[in-house]
Amino acid sequence: MSLLHIAILAPLFYAILTGIIGIKLKGIHTGWLVLPVPTVIFGFFLSMIPIVQQGNGGLHELPWIPSLGINFSVYLDGLSLLFSLLISGIGMLVVLYSIYYLDKKREAVHRFYVYLLIFMGAMLGVVLSDNMMVLYGFWELTSISSFLLIAFWYNRERSRYGALKSMLITVFGGLAMFTGFLMLSAMAGSLSVREVIAQTGEIVGEPLFLPAMILILLGAFTKSAQFPFHIWLPDAMEAPTPVSAYLHSATMVKAGIYLVARFSPVFAGQPEWFWLVSGAGLCTLIYGSVRAMKQTDLKALLAFSTISQLGLIMSLFGLGSASAFFTGSADALFYTKATTAAVFHLINHATFKGALFMVVGIVDHETGTRDLRRLGGLMALMPITFTIAVIGAFSMAGLPPFNGFLSKEMFFTAVLQAAKMDFWNVQTWGVLIPVIAWIASIFTFVYSMILVFKTFLGKGKPEALEKTPHEAPMGLLISPVILASLVVVFGFFPNLLSYSLIEPAMAAVLPNMLSSGEQFDVHITFWHGWNAEIFMTLGVILIGILIFLIFNKYRLLNSPWTERFTLNRLYDKGLAGYEKGSSKVTKSYMTGSIRHYVIYIFAAFVLLLTYAIVDSGGVKIDTSGFAPVSFYEMVIIISMIGSVLVLPFVKNRLIAIIITGMSGYMVTLFFVLFRAPDLALTQMIVETVSVMLFLLCFYHLPKLRKEMVPLRFKWTNAIISIAAGAVVTLLALGASSDRLFASISDYYIKESYNLAGGKNIVNVILVDFRGFDTMLEIMVLGIAAFGIYALIKIDSGDEIIGLG
Amino acid sequence: MELYMALTIGVLFAVGVYLILSKSLLRIILGTSLVTHAIHLLLLTTARLKTGAAPLLGEKAESYVDPLPQALILTSIVISFGVTSFFFVLAYKAYQRLGTDDMEELRGREDE
Chain A
1 MSLLHIAILA
11 PLFYAILTGI
21 IGIKLKGIHT
31 GWLVLPVPTV
41 IFGFFLSMIP
51 IVQQGNGGLH
61 ELPWIPSLGI
71 NFSVYLDGLS
81 LLFSLLISGI
91 GMLVVLYSIY
101 YLDKKREAVH
111 RFYVYLLIFM
121 GAMLGVVLSD
131 NMMVLYGFWE
141 LTSISSFLLI
151 AFWYNRERSR
161 YGALKSMLIT
171 VFGGLAMFTG
181 FLMLSAMAGS
191 LSVREVIAQT
201 GEIVGEPLFL
211 PAMILILLGA
221 FTKSAQFPFH
231 IWLPDAMEAP
241 TPVSAYLHSA
251 TMVKAGIYLV
261 ARFSPVFAGQ
271 PEWFWLVSGA
281 GLCTLIYGSV
291 RAMKQTDLKA
301 LLAFSTISQL
311 GLIMSLFGLG
321 SASAFFTGSA
331 DALFYTKATT
341 AAVFHLINHA
351 TFKGALFMVV
361 GIVDHETGTR
371 DLRRLGGLMA
381 LMPITFTIAV
391 IGAFSMAGLP
401 PFNGFLSKEM
411 FFTAVLQAAK
421 MDFWNVQTWG
431 VLIPVIAWIA
441 SIFTFVYSMI
451 LVFKTFLGKG
461 KPEALEKTPH
471 EAPMGLLISP
481 VILASLVVVF
491 GFFPNLLSYS
501 LIEPAMAAVL
511 PNMLSSGEQF
521 DVHITFWHGW
531 NAEIFMTLGV
541 ILIGILIFLI
551 FNKYRLLNSP
561 WTERFTLNRL
571 YDKGLAGYEK
581 GSSKVTKSYM
591 TGSIRHYVIY
601 IFAAFVLLLT
611 YAIVDSGGVK
621 IDTSGFAPVS
631 FYEMVIIISM
641 IGSVLVLPFV
651 KNRLIAIIIT
661 GMSGYMVTLF
671 FVLFRAPDLA
681 LTQMIVETVS
691 VMLFLLCFYH
701 LPKLRKEMVP
711 LRFKWTNAII
721 SIAAGAVVTL
731 LALGASSDRL
741 FASISDYYIK
751 ESYNLAGGKN
761 IVNVILVDFR
771 GFDTMLEIMV
781 LGIAAFGIYA
791 LIKIDSGDEI
801 IGLG
Chain B
1 MELYMALTIG
11 VLFAVGVYLI
21 LSKSLLRIIL
31 GTSLVTHAIH
41 LLLLTTARLK
51 TGAAPLLGEK
61 AESYVDPLPQ
71 ALILTSIVIS
81 FGVTSFFFVL
91 AYKAYQRLGT
101 DDMEELRGRE
111 DE
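Listed in order, the protein sequences are those of chains A and B.
The opening position of the first sequence corresponds to residue 1 in my numbering, with each subsequent residue numbered one higher.
The opening position of the second sequence corresponds to residue 1 in my numbering, with each subsequent residue numbered one higher.
It is worth saying that the hints were derived from the structure and are not from the lab.
From the three backbone atoms N, C-alpha and C, an ideal C-beta is built for every residue, glycine too.
Be aware that one or more of the hints could be misleading.
Lysine-lysine pairs mimicking DSSO-like chemistry, simulated, CA-CA at most 27 Å apart [stated by the list, open to error]: (1) B:93 - A:793; (2) A:651 - B:60; (3) A:105 - A:24; (4) B:93 - A:759; (5) A:573 - A:587; (6) A:104 - A:24; (7) A:651 - A:714; (8) A:294 - A:459; (9) A:294 - A:105; (10) A:294 - A:587; (11) B:60 - A:750; (12) A:104 - A:294.
Label pairs and their in silico Cβ distance ranges [claimed, not checked]: (13) B:7 - A:699: 33 to 43 Å; (14) A:658 - B:7: 42 to 52 Å; (15) A:772 - B:7: 57 to 67 Å; (16) A:772 - B:97: 46 to 56 Å; (17) A:609 - B:97: 37 to 47 Å; (18) B:7 - A:604: 19 to 29 Å; (19) A:608 - B:97: 47 to 57 Å; (20) B:7 - A:746: 26 to 36 Å.
Not the full set, but computed from the structure, chain A residues with beta-carbon under 7 Å of chain B [said to hold, decoys possible]: (21) 650; (22) 652; (23) 654; (24) 655; (25) 656; (26) 672; (27) 675; (28) 724; (29) 729; (30) 732; (31) 746; (32) 766; (33) 771; (34) 773; (35) 786.
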């Protein structure tokens, strides 16, 4: 067990502790007890930066199920370190924020922190695990804890709806990913991610390679809310704001991005990977930015903006994967710029989006609403919150001097590079990449401005608000202030990050790019001259301002046609249809009629046996060993068949009972003829008693109103019963024709007297050779007797439940 | 002989199944006893209906018929008798309580 294991497991164990202590300690806000956990973990991961820069984060194994190759092995490299720092760092700030956000008297805060700690541990587990099964386990744990956190206010209907939706979608993707992992491990022969990466060369051509890629991407896309699986994220905004800030902007939704980055060394260099990842990313980018513009709820706006930014990061990882195509040549490093941008923007997005969510939380907390139509003019009332919002939103829009500007410039560089690629059919569609990116950036600019200007500027509407707005308490402001200052610091000094975090992360995403000792060039310059990117940014600002002004007046793009087709409706209708359909299917065959079920059983019996007979080349009938036909036997057979065939047409019950009894006596006669005296005796007695029983009950039946109702002949019944009879006939013939080996009965005949001292062989078998059967058969009779006794003894006056 | 026996078994089975598919509980029980007969005869037939003495060593014959299926059938007769009688009393009780022996009327309720 290494420190890394402890870092993963500590939050999980602490969650148990919190559950107990949180209830006991009423005086203190549980959050204060929780705060040290992410702080210590954050400190630990900070101290790991120099070690990881040297390139030896190290692999630590902890055997779990070694016989299946499942070990709790953790591996720390640049990528997992980056994510671990994000998770623990933002976790720390979110816990601090939530202490002031959640009222310990009105909310079940200990429950909140238990879920949050489980989530934190699970998320650390996802990014640090090297074993794919363990990774999957933690992955599902993040889905479950996210489900619990979204439905934190479980008495609200919308919360439960959002939680269920996110659960269904992310677990769907999680299971797809699990299948992909199984395929990968089947190809590579190992569950370790590092060993799979090491074997990339051998598994590329395998038939399971592409399915594994698609399934793993399905997991990544659902988790990271990529189009069209993004629909759960806006509904997840029913969660408390600290949860939205933590899970649904900074960490969990980046798990999919982590997955893409982690498996890039395996799949990069494939055109399918390039197109799927960049395509999904670009679609999500533009779709999210358009939808974000139209929201009136602040959190919904931020949700769509998160979707859009995640698409941006995803597309950058896709574009960066092109560099693997050139492994070894000078062009390779040219395309790694996209990966640099992806990693950089990943950090930036976590900072500014966390800050923005917290700002929205503060606005909600202090005014009682998040509705843009009721907000306005808060600038003078909440100056600090306003400042943070401006920093965050301007960074999101990509304006200088904030960090978003730098990553946006790098994004433009990457898309312009990608458009110039001349392989994988990029030349046909590649032109679209920078165009989409540019248009999406304009929309991003617009919604960022809406966020700031509609909330904080303009005329206030105090009469529309539930509370009198005022500045938030200091405690609520600490976390967003820290995040906003990070936005500014990374904006002015981006190279703080470049060799400490970005370069090691890139080395993990693109491990084969460099020979040992080399480093990626990730020097990020604030000003890079009058190039195309700058003009694109200027264009974004100009057109963005224009659209913002027009949008204000005409509510452009808000026409009904955009509302008509939404994926939410598809999801809701689909789910309802699914339920209705399955209920219809179930009702169509679960009719409650015994007759139908018996028909299914016999039809299946007939069909399966017929298939088996046909498949095995038919029944071979070999009459050579058959016994000769005697006169008496023929007489009985004819009378048996004759009497039984009358039975279906007999209307009178009494006659039916007597005919059935007759057939029983004829079976007795068969036993006599085929030299089975004991059977004949038993059969005769049993038949007599049965017929007596039948007649007794028949006599006692209260009324016989159905007796004279004419029998209806049913063709389906007839066909099925004839088919069943035919199959049994064939079976009887086949079985008596083919004898594979001699019977063991010679042994009984020989040894019956010698060993058991009896001359009646059947009786000796029953009580001596196979006495065990007889004992249990006695038990059956005993149970039947007791059952009948109990049935008769039930007082018939009793009310039967459900039949009143 | 086996050929004719196989036919008899088939007819017994077919009529038994037809009765089991009918509406009336009594006819269903009669159907099961026909199917039981068919199965017993099937057991006997598949062991070959060779002529030989009854499986009693006192006969001192050259060959005996196979005793093993007879033991199996004997066990089966007793078990099916137990089950049939229980089934019959159950049907009788159901009739007494519910006033019908029509299987279509004995369905579960819709909302279950």
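Holds or violated: is the Cβ of residue 786 of chain A closer than 7 Å to a Cβ in chain B?
Where the cut-off is 7 Å and the nearest Cβ of chain B is about 10 Å from residue 786 of chain A, the hint is violated.
Holds or violated: 46 to 56 Å for the Cβ distance of residue 772 of chain A and residue 97 of chain B?
38 Å, violated
Are the Cα positions of residue 573 of chain A and residue 587 of chain A separated by 27 Å at most?
With Cα atoms ~20 Å apart, residue 573 of chain A and residue 587 of chain A stay inside 27 Å; holds.
Restraint: residue 652 of chain A near chain B, CB-CB cut 7 Å. Satisfied or not?
With a closest approach of 11 Å, the residue 652 of chain A hint is violated.
Need the status of pair residue 93 of chain B, residue 759 of chain A: alpha-carbon distance at most 27 Å?
45 Å, violated
Against chain B, with CB atoms and a cut of 7 Å, does the hint on residue 672 of chain A hold up?
10 Å, violated
Hint check: residue 105 of chain A vs residue 24 of chain A, CA-CA at most 27 Å. Holds or violated?
Distance of about 14 Å is within 27 Å: holds.
Interface hint status, residue 675 of chain A versus chain B (Cβ within 7 Å)
4 Å, holds
Can the hint on residue 724 of chain A be confirmed by a CB-to-CB distance to chain B that is less than 7 Å?
5 Å, holds
Hint says 37 to 47 Å; check whether the CB-CB distance for residue 609 of chain A and residue 97 of chain B agrees.
Since residue 609 of chain A and residue 97 of chain B have Cβ atoms about 38 Å apart, the given range 37 to 47 Å holds.
Taking the CB of residue 7 of chain B and the CB of residue 746 of chain A, does the distance hold inside 26 to 36 Å?
30 Å, holds
Tell me if the beta carbons of residue 7 of chain B and residue 699 of chain A are separated by a distance inside 33 to 43 Å.
Between residue 7 of chain B and residue 699 of chain A, where Cβ atoms are some 35 Å apart, the hint holds.
Of the numbered hints stated above, those contradicted by the structure are hints 2, 4, 9, 10, 12, 14, 15, 16, 19, 21, 22, 23, 24, 26, 31, 33 and 35, listed in ascending order.
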